[in-house]
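J.: So the sequence shown is numbered by this note's numbering: it starts at 13 and just counts up by one.
Calculated from the structure, these hints are not laboratory results. Treat the hints with care, as some may be off.
Unchecked claim - In silico SDA-like links for lysine to any residue, alpha-carbon gap of 25 Å or less: (1) 81 <-> 17; (2) 81 <-> 51; (3) 18 <-> 45; (4) 81 <-> 65; (5) 81 <-> 107; (6) 81 <-> 44.
Stated by the list, open to error - Pairwise CB distance ranges, derived in the manner of DEER restraints: (7) 96 <-> 19: 19 to 25 Å; (8) 66 <-> 133: 53 to 59 Å; (9) 100 <-> 39: 25 to 31 Å; (10) 107 <-> 26: 32 to 38 Å.
Ideal Cβ positions, reconstructed from N, Cα and C, are used throughout, including at glycine.
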Amino acid sequence: IEDGVKLDNQIQVAHNVRIGAHSALAGCVGIAGSAHIGRHCMIGGGVGIAGHLDIADRVQVTGMSLVTKSISTPGAYSSGLAVEPNRLWNRISARLRRLDELFERVVALERKLHRDDHEKSSPPDHRV
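Take these sequences, add in the hints, and give me the full structure.
T.: Quick look at the structure:
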């Protein structure tokens, strides 16, 4: 833990963690082993940080976020969804995993509709 670091209450700092100078961590932050947090970072309350990753200098992580990969660019980062009844959350979670696939399907359908509309609106081709 470097100079000028501000730590709130109920923070878990695991083995071999490095916290850069003048960073501030709010209550209930959990940092897994061998994570490195840069200088002048602000970590909001309840944030979880996975082990063996690096967070660049001047990063802000908003409260209740989960950091599962390294952050190499300064700036503000957020994650998370609001609480839902368990049955609804299970459905939402399953659908989120398919989001990229569904997006690609929608884009393909939009392109096809655009082509079909264009073909209908263009004058007939009378060339032989």
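J.: A separate judgement is required for each hint: does it hold in the structure or not?
T.: Structure-based check of each hint:
no. : hint                   : in the structure
1   : 81 <-> 17              : holds (23 Å)
2   : 81 <-> 51              : holds (18 Å)
3   : 18 <-> 45              : holds (19 Å)
4   : 81 <-> 65              : holds (6 Å)
5   : 81 <-> 107             : holds (22 Å)
6   : 81 <-> 44              : holds (12 Å)
7   : 96 <-> 19: 19 to 25 Å  : violated (32 Å)
8   : 66 <-> 133: 53 to 59 Å : holds (54 Å)
9   : 100 <-> 39: 25 to 31 Å : holds (29 Å)
10  : 107 <-> 26: 32 to 38 Å : holds (33 Å)
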